[in-house]
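Asks: Given these sequences and hints, build the entire structure.
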Amino acid sequence: MKNKSNDVWVFVEQRNGTPAEVSFELLSKGHKLAATLKSNLVAVVLGHGMRELATKTFQYGTDEVLLVDHPKLENYRTAPYSDIMNELVSERQPRIILFGATFIGRDLAPRVASYTLSGLTADCTDLQISDVVYQRRDYKDLLLQIRPAFGGNIIATIITPDVHVQMATVREGVMEQAVISPKGKGRIVEIPYEPKPVHELVKIIEHHREESGVNLKNASIIVAGGYGMGSKANFKLIHQLAQTLGGDVAGSRAAVDAGFVPPQRQVGQTGMTVRPKLYIAVGISGAIQHRAGMQDSQKIIAINNDPEAPIFDICHYGIKGDALEVIPMFIDAYKNELK
Amino acid sequence: MVKQVPDTANISGQVMKADGTVNRAKLPAIFNPEDKVALELALQVKDRFGGKVTVITMGPPKATDILRECLYMGADEAALISDRKFAGADTLATSFVLSEAIKKIGKFDLIFSGRQAIDGDTAQVGPQTAEKLQVAQVTYAEEIVSAKGDKITIRRKVDEGYEILEATLPVLITVIKEAGEPRPFKAKRVMAYKNARSLLELEKMADSNSLLSVDRLKEDYLSKALFISTYTLDELNIDPGRCGLAGSPTKVHKVASVKLGGGEHESIEPTKDGLRSLIGKLAADHIFG
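Those sequence lines, one after another, are chains A and B. The first sequence: position 194 = 552 (the numbering used here), numbered continuously. The second sequence: position 4 = 676 (the numbering used here), numbered continuously.
Just to be clear, a hint being listed does not mean it is correct.
Mimicking DSS-like on lysine-lysine, the simulated pairs with C-alpha atoms at most 25 Å apart in a straight line are [claimed, not checked]:
(1) Lys561(A) to Lys779(B)
(2) Lys390(A) to Lys923(B)
(3) Lys561(A) to Lys804(B)
(4) Lys923(B) to Lys498(A)
(5) Lys953(B) to Lys657(A)
(6) Lys804(B) to Lys362(A)
(7) Lys554(A) to Lys820(B)
(8) Lys561(A) to Lys718(B)
(9) Lys693(A) to Lys944(B)
(10) Lys554(A) to Lys944(B)
(11) Lys693(A) to Lys953(B)
(12) Lys944(B) to Lys635(A)
Listed next, with one range per pair, are the computed distances between beta-carbon atoms [said to hold, decoys possible]:
(13) Lys876(B) to Asp654(A): 49 to 55 Å
(14) Pro665(A) to Gly913(B): 52 to 58 Å
(15) Gln656(A) to Arg861(B): 56 to 62 Å
(16) Glu666(A) to Asp781(B): 52 to 58 Å
(17) Glu666(A) to Gly760(B): 51 to 57 Å
So the derived list for chain A, only partly shown, Cβ under 8 Å to chain B, looks like this [unchecked claim]:
(18) Arg373
(19) Arg469
(20) Ser476
(21) Thr479
(22) Val521
(23) Val560
(24) Ile677
These are calculated hints, taken from the structure and not from any lab test. From the three backbone atoms N, C-alpha and C, an ideal C-beta is built for every residue, glycine too.
Replies: Next up, the structure:
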């Protein structure tokens, strides 16, 4: 058995050289976990021409970067990436590895877990370090991997008590990004890559990028409409309010399914997780799945004509009334107060 | 590779236990939707390029239900992988058993499975099985573009669009629901296979009727081509320590029901004055601009 380490690793994902936002979110979370464990935060960067990205990770509190840089690694492919990760993890035995729950992360992480016989929990919504008593045995500093299960009906805490490497994937937007020090420094360890024929069994013939052009995650004000808006015509009011406040438009899953708003603007467990300064939920009942994507907003206003709607349980300001009347009043009041 | 799953999309109050956990036994068991699409894709490949389709599932004897459905759709063979020692498996233990069963069943060119099962949504078993079999994988497949010789061209979804990959066989492919609509059962095949039984089902029949013996039943069903082959732990000759709960590194530590908040909020009157005061408060909190 190799020497085990207590380090926290984050797989830093890039697509066409552009880092995935989720990687910085995971580094920020990883920094806290490593602080609790009194260990190092290690960023694992694979790609080509990645030195700048490697350096950028230091801002998020990275102590060390494992950099594997090679022209053949420019685009993600399962075989070379998983082979490299399998080797690194087996050799260095980190305590925790975090991956984004992206197409790449969900393709790669299970292969690494399978090879290294590690535990892996998908789509965690929270990660904590805690001592645990499991089956009358004491375990110190385990990673609590918390995730909704059964369609959001229960919240399960998963642990991997008897294996050293604990792995988890987390969706984009779930963890908060925090720059620790803009001039942070650390060391970069370059790992050589040796191409193998088995890495070339799958070739990328064509890569087609579609920009969605929607970035709700960085919006400071979001006005979201639900099925309760009744029609696409009524949904225009959501757009008007958003425009007045300088905010972005979003919708619940039901509103997306009804065709009121495109899927890229869906907030909730199967959509985006957002935490704007202000979230206005109009005609949204507030099912658990929706709340999972917006409950950490700084201020939440609920507008709903059903006084029993669960959204009122998590809002800061509740307006019980008809959206078709309240929104125009809201727009007028805003213009009058803040002109 | 297919899976029978509890129908989590239709959870009602009756299936929630008093402690807030889900009573799986009360949930109807269904054919995991994306696995059905995976079978459809496998059958399409067979229709276009030839070959033989074998379906496997790991689960309790009841999971034979979905194997029969596979036969109704057009699968050539089906195998149940079942043992009490396989119960409680996480994705790692599941992929171990599946990969060992696949090795036992024999050579393959393509393995299809759904991207993920609706009871866990992990999307891990496909890649974990591919790793254990040391074969290439293509996840999130939405279309089989073409196949020729030992090459297959696949279109797959990625984070920002799609990519087209050319893979050398053998390869494991996980399929998303957009890839196709599963074909309906063929009436002829339903008639032919509705009495197909797995070994564990025959054992149950023998148990409930002292005049029947398992060996005789098996012979009988084999002769009528209605025997669904069954792989147990002993048959696979694998380490029980790597199967089921024992072989699962992940453990459920705690389960909590999602509670409705009951949090306090300030009620705002839906009037001009009410909204004016609200906007004043938000402005004071520097929410705007």
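Asks: Indicate, hint by hint, whether the structure satisfies it.
Replies: To see whether the hints hold, each was checked on the structure:
no., hint, in the structure
1, Lys561(A) to Lys779(B), "holds (23 Å)"
2, Lys390(A) to Lys923(B), "holds (24 Å)"
3, Lys561(A) to Lys804(B), "holds (21 Å)"
4, Lys923(B) to Lys498(A), "holds (16 Å)"
5, Lys953(B) to Lys657(A), "holds (11 Å)"
6, Lys804(B) to Lys362(A), "holds (23 Å)"
7, Lys554(A) to Lys820(B), "holds (24 Å)"
8, Lys561(A) to Lys718(B), "holds (23 Å)"
9, Lys693(A) to Lys944(B), "holds (12 Å)"
10, Lys554(A) to Lys944(B), "violated (70 Å)"
11, Lys693(A) to Lys953(B), "holds (15 Å)"
12, Lys944(B) to Lys635(A), "holds (23 Å)"
13, Lys876(B) to Asp654(A): 49 to 55 Å, "holds (51 Å)"
14, Pro665(A) to Gly913(B): 52 to 58 Å, "holds (56 Å)"
15, Gln656(A) to Arg861(B): 56 to 62 Å, "holds (58 Å)"
16, Glu666(A) to Asp781(B): 52 to 58 Å, "holds (57 Å)"
17, Glu666(A) to Gly760(B): 51 to 57 Å, "violated (40 Å)"
18, Arg373, "holds (6 Å)"
19, Arg469, "holds (4 Å)"
20, Ser476, "holds (6 Å)"
21, Thr479, "holds (6 Å)"
22, Val521, "holds (4 Å)"
23, Val560, "holds (5 Å)"
24, Ile677, "holds (5 Å)"
Hints 10, 17, counting from the list given before, are not met by this structure.
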